Amino acid sequence: METNNDDAAKEERKRTLQKQSSGFLKYSGMATQMLGTILIFTYGGYKLDEWQQNDVPVWTLVLSLLSIAGSLYMLIKGFTKK
Numbered sequence: 001m002e003t004n005n006d007d008a009a010k011e012e013r014k015r016t017l018q019k020q021s022s023g024f025l026k027y028s029g030m031a032t033q034m035l036g037t038i039l040i041f042t043y044g045g046y047k048l049d050e051w052q053q054n055d056v057p058v059w060t061l062v063l064s065l066l067s068i069a070g071s072l073y074m075l076i077k078g079f080t081k082k
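Just so you know, we're using the UniProt record's numbering here: the sequence shown kicks off at 1 and counts up by one.
Worth flagging that the hints you see were computed from the coordinates, not collected in a lab.
Fair warning: there could be bad hints in the mix.
[Stated by the list, open to error] Here are the simulated DSS-like cross-link-like pairs (lysine-lysine), alpha carbons at most 30 Å apart as the crow flies:
no., residue 1, residue 2
1, Lys-77, Lys-26
2, Lys-77, Lys-14
3, Lys-10, Lys-77
[Said to hold, decoys possible] Computed spacing ranges between beta-carbons, pair by pair:
no., residue 1, residue 2, range
4, Lys-81, Gln-52, 37 to 47 Å
5, Ile-68, Asp-6, 43 to 53 Å
6, Leu-65, Asp-7, 48 to 58 Å
Source: prediction; values computed, not measured.
Quick reminder that beta carbons are idealized off the backbone N, C-alpha and C, glycines included.
Given these sequences and hints, build the entire structure.
Okay, here's the thing in structure tokens:
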């Protein structure tokens, strides 16, 4: 009988570890996606400002703020989705 209990406990630990690692991968993936989006949009804004020879970095500000807003939207959407 003890063997069955040990096997059940091992299976439960295995499922718990899988759930934990799944959550970690999900949220680390979201963070990587957010960082990539913000960096790409900010760099694009920087290059647009450079190309247009703007004194004030308008495109950098607009695109970086837009990317932050979009990333937050995706983050909230990801948290509410189950």
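Evaluated hints:
no.: 1; hint: Lys-77 x Lys-26; in the structure: holds (13 Å)
no.: 2; hint: Lys-77 x Lys-14; in the structure: holds (29 Å)
no.: 3; hint: Lys-10 x Lys-77; in the structure: violated (34 Å)
no.: 4; hint: Lys-81 x Gln-52: 37 to 47 Å; in the structure: holds (39 Å)
no.: 5; hint: Ile-68 x Asp-6: 43 to 53 Å; in the structure: holds (50 Å)
no.: 6; hint: Leu-65 x Asp-7: 48 to 58 Å; in the structure: holds (54 Å)
Violated hints amount to a single one, hint 3; each of the other numbered hints is respected by the structure.
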